[in-house]
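UniProt numbering puts the first residue of the sequence shown at 1, with every later residue one more than the last.
Keep in mind that the hints were calculated from the coordinates and are not lab data.
Accuracy of the hints is not assured; some may be wrong.
Each pair of labels, with its calculated beta carbon distance range [as the list claims (entries may be wrong)]:
| # | residue 1 | residue 2 | range |
| --- | --- | --- | --- |
| 1 | 20 | 45 | 30 to 38 Å |
| 2 | 68 | 23 | 18 to 26 Å |
| 3 | 24 | 69 | 30 to 38 Å |
| 4 | 96 | 69 | 17 to 25 Å |
| 5 | 93 | 66 | 24 to 32 Å |
| 6 | 55 | 94 | 17 to 25 Å |
| 7 | 35 | 73 | 29 to 37 Å |
| 8 | 42 | 84 | 33 to 41 Å |
| 9 | 96 | 24 | 29 to 37 Å |
| 10 | 86 | 47 | 36 to 44 Å |
| 11 | 88 | 38 | 32 to 40 Å |
| 12 | 41 | 74 | 18 to 26 Å |
These numbers come from a predicted model, not from an experiment.
Cβ atoms here follow ideal geometry from the backbone N, Cα and C, with glycine treated the same way.
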Amino acid sequence: MMGTDDRDRAEARTVTREFDTDQTDPNVAVVSALAEIEDVPVEELNPLYSCIDHILEHLYSNPPADEADVQITFTYNGYRITVEQDGRARFEPIENYRVG
Numbered sequence: 001m002m003g004t005d006d007r008d009r010a011e012a013r014t015v016t017r018e019f020d021t022d023q024t025d026p027n028v029a030v031v032s033a034l035a036e037i038e039d040v041p042v043e044e045l046n047p048l049y050s051c052i053d054h055i056l057e058h059l060y061s062n063p064p065a066d067e068a069d070v071q072i073t074f075t076y077n078g079y080r081i082t083v084e085q086d087g088r089a090r091f092e093p094i095e096n097y098r099v100g
């Protein structure tokens with residue numbers, strides 16, 4: 001279980017980005033943002049579809065009513081990522097995450 005100090009440290013390292021979901025493929029936006037955060041080329045990251053398939057595309061291609069306030073949270077490359085239907089995304093690093 002995560003203590004208060006651990007939560008405070010994780011929140012301090014959490015990064016938020018906003019995407020224009022009418023102009024940008026959400027899958028590309030998430031991977032590009034994470035590559036920027038990690039300062040690595042996009043090609044070094046695992047494909048997002050292997051983690052969550054095409055669920056983000058569906059969120060924006062047939063969006064629910066604004067009142068639904070839909071969020072999708074998933075784990076990808078050491079981050080807990082929450083994407084909201086309005087195009088905001090939060091990237092929270094996971095402590096002690098090991099790839100593969």
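Status of each hint after checking the structure:
Look at residue 20 against residue 45: about 21 Å separates their beta carbons, and that is not inside 30 to 38 Å. Checked against the hint of 18 to 26 Å, the C-beta distance between residue 68 and residue 23 comes to roughly 22 Å, which is consistent with it. Taking the beta carbon of each, residue 24 and residue 69 are about 21 Å apart, not inside 30 to 38 Å as hinted. Here the CB-CB span from residue 96 to residue 69 is close to 31 Å, at odds with the stated 17 to 25 Å.
Between residue 93 and residue 66, the C-beta spacing of about 30 Å keeps the proposed range 24 to 32 Å intact. About 20 Å separates the C-beta atoms of residue 55 and residue 94, a value consistent with the hinted range of 17 to 25 Å. For residue 35 paired with residue 73, a C-beta distance near 20 Å fails the hint of 29 to 37 Å. For residue 42 and residue 84, the hinted distance range of 33 to 41 Å is not satisfied, since their beta carbons lie about 22 Å from each other.
A hinted range of 29 to 37 Å holds for the C-beta pair residue 96 and residue 24, which are about 32 Å apart. The hint said 36 to 44 Å for the Cβ distance between residue 86 and residue 47, and at roughly 25 Å that hint is violated. The hint said 32 to 40 Å for the Cβ distance between residue 88 and residue 38, and at roughly 19 Å that hint is violated. Between residue 41 and residue 74 the beta carbon distance is about 22 Å. The supplied range of 18 to 26 Å therefore holds.
Figure legend: structure checked against the earlier numbered hints; hints not met, in rising order: 1, 3, 4, 7, 8, 10, 11.
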